[in-house]
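J.: Now for the letters of each chain:
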Amino acid sequence: QKEVEQDPGPLSVPEGAIVSLNCTYSNSAFQYFMWYRQYSRKGPELLMYTYSSGNKEDGRFTAQVDKSSKYISLFIRDSQPSDSATYLCAMRGSTLGRLYFGRGTQLTVWP
Amino acid sequence: GAVVSQHPSRVICKSGTSVKIECRSLDFQATTMFWYRQFPKQSLMLMATSNEGSKATYEQGVEKDKFLINHASLTLSTLTVTSAHPEDSSFYICSARDSTRGGETQYFGPGTRLLVL
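Going down the list, the sequences are from chains Y and B.
Quick note on numbering: the first sequence equals residues 1 to 111 in the working numbering.
Quick note on numbering: the second sequence equals residues 1 to 117 in the working numbering.
Be aware that one or more of the hints could be misleading.
[Stated by the list, open to error] Here are the computed lysine-lysine pairs in the DSBU-like style, where the Cα-Cα straight-line distance is at most 35 Å:
1) K55(B) / K2(Y)
2) K41(B) / K55(B)
3) K42(Y) / K66(B)
The set of hints was computed from the structure by calculation and includes no laboratory data.
Whenever a hint applies, use it, and build me the whole structure from the sequences.
T.: Structure, rendered in structure tokens:
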């Protein structure tokens with residue numbers, strides 16, 4: 001079983017839709033959770049960073065962590081064509097520990 | 001946000017040659033840098049962790065003699081793919097941890113696409 005599972009998609013939605021992206025994980029020691037956005041042929045860009053369980057909101061983006069279910073989500077409201085990218089979840093157990101990545105979900109938002 | 005650069009962005013080489021990729025943190029000091037490899041539609045696979053002034057720590061299955069890593073300063077780490085073969089063709093991405101901000105966040109470079117003919 002992989003440490004982090006993420007449905008690769010692809011996911012295609014119309015502009016303005018609410019997008020839900022999810023990851024599950026198996027290691028209960030993970031405490032730090034991140035979402036990265038990666039455009040084609042580019043490096044990942046940090047979108048959201050959360051510690052432990054709970055919600056965090058930043059503009060149109062909301063990250064949720066449910067440690068009891070080992071499940072994390074990223075919601076994108078009022079999605080835009082510029083949101084079209086691959087979204088990678090990542091997590092680690094300690095502040096300076098290595099990151100474990102999901103496969104990434106490819107999202108397309110069409111006008 | 002912090003900026004990490006990589007050079008070159010793209011390289012094509014013949015089989016058997018060696019290729020060096022540079023990773024620089026432009027506006028912060030990075031005591032730790034990471035090297036990843038990414039195949040199309042796949043996740044990032046950690047190859048090695050590079051600490052300034054010491055030997056790199058390689059992940060299981062990564063040949064240290066093939067993928068030479070040098071982290072000579074707080075702003076520069078290099079990855080050299082020695083005697084490259086077509087199966088080494090991939091997208092190589094580095095990241096750097098900002099040691100002045102508690103080191104919690106990794107900032108990624110734009111990646112280097114390697115094609116070995």
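J.: Please flag the earlier hints that this structure goes against, numbers listed from lowest up.
T.: none
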